[in-house]
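Novice: Listed below, chain by chain, are the residues.
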Amino acid sequence: MEANEHTKQEYEKMVEEVSPKSPIVKNCILAFLSGGAICTLGQAFRHWYLSMAMTEEECGLMVSVTLIGISAVLTALGIYGRLGKHCGAGTEVPITGFANSVVSPAIEFKKEGLVLGMAAKMFLIAGPVIVYGTLTSVIVGLIYFLLGR
Amino acid sequence: MEFLKAFLVGGSICVIGQILIDKTKLTPARILVLYVCVGCLLGAVGIYPRLVEFAGAGATVPLTGFGANLAKGVMEEIDSAGAFGILTGGLKSAAGGLAAAVLFGFGAALLAEPREK
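Same order as they appear, the protein sequences are chains B and V. 1 is the number of the first residue of the first sequence in this note's numbering; add one for each residue after it. 1 is the number of the first residue of the second sequence in this note's numbering; add one for each residue after it.
Same shape as in the complex, but just chain B (with noise of 0.2 angstroms):
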């Protein structure tokens, strides 16, 4: 039994040594790969809407709609959730990641009906991340405001 329970520990401690490293590393390389690269593709977008004289704000909310649209048309295909398989944390954080996370439950649940299922599952992440951002906001504000005075 105490054997048993040795080699058990054993084992775990060696699974925890073998195991874990390997993939952090490979998750990593692999996130910051796919990362970079959508946020270059989207530089290369706003390099091109600053050269069409659009003013910085314009350029920003027209680099998020068009990496917003790029995601969905791939999400919609099925492409992007598989990539996401692979870089994680590269595919989830980009702004392209966020619309992932509204276009992918939106198709999944549109047979559960169009108000409780498509248009409410849409939200299922972005719900979350709207309202602690917007609490945060409005924080940030309440101060901004009381410093100011």
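Hint data in this document are derived by calculation from the structure and do not stem from the laboratory. Since this is a predicted model, take the numbers as computed values, not measurements. Beta carbons: idealized from backbone N, C-alpha and C, even for Gly. Some clues are possibly wrong.
Lysine-lysine pairs mimicking BS3-like chemistry, simulated, CA-CA at most 25 angstroms apart [stated by the list, open to error]: (1) B/Lys8 - V/Lys25; (2) V/Lys23 - B/Lys13; (3) B/Lys85 - V/Lys23; (4) B/Lys13 - B/Lys26; (5) B/Lys26 - B/Lys85.
Simulated coverage check for chain B against chain V, where a stretch passes if three residues somewhere in it have a Cβ under 8 angstroms from a Cβ of chain V [said to hold, decoys possible]: (6) 84-96; (7) 110-118.
Knowing the structure of chain B, use the given hints to seat chain V on it.
Specialist: For chain V alone, coordinates are given in the frame of chain B:
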């Protein structure tokens, strides 16, 4: 050069997220929430705008940029509209991106069929 900077900074921000996924029990949804809040705070104290100046889309494309944009929006709106900006500034600055995501999400859902996993 601007593309290299965007690549390096954007990639690094994603790596931080990947480390959080692998090393902690944080789910991707929680990481996105965390990123928006952290981005908003870094935007408020003026650090994130400098990163945007340096890395362009490398800083604006990750979700921290969305957060920083909320902070920028709320502060600018307070400057121009006063106290009401506390409530309207954040979402106003996010309106375009959110409307686009909803529109594309709706469109994709109408056109595409769910696929087998």
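Novice: Does V/Lys23 sit within 25 angstroms of B/Lys85, going by the straight-line distance between their CA atoms?
Specialist: holds (17 angstroms)
Novice: Go check the stretch 110-118 of chain B versus chain V for me, would you? Three or more residues, Cβ under 8 angstroms, otherwise it fails.
Specialist: holds (count 3)
Novice: Just to be careful, I want the Cα atoms of B/Lys8 and V/Lys25 compared with a cutoff of 25 angstroms; is the pair within it?
Specialist: Distance ~23 angstroms between B/Lys8 and V/Lys25 Cα, so the pair holds.
Novice: Does the alpha-carbon distance linking V/Lys23 and B/Lys13 stay inside the 25 angstroms limit?
Specialist: Within the cut-off at roughly 16 angstroms; holds.
Novice: Check whether the Cα positions of B/Lys13 and B/Lys26 lie no farther apart than 25 angstroms.
Specialist: holds (21 angstroms)
Novice: Closer than 8 angstroms Cβ to Cβ for three or more residues is the test here. Does the stretch 84-96 of chain B pass it with chain V?
Specialist: It holds, with 8 qualifying residues against the three required.
Novice: For a C-alpha distance cap of 25 angstroms, please report whether B/Lys26 and B/Lys85 respect it.
Specialist: Holds, because 13 angstroms separates the two Cα atoms, which is no more than 25 angstroms.
The earlier numbered hints are all upheld by this structure, with none contradicted.
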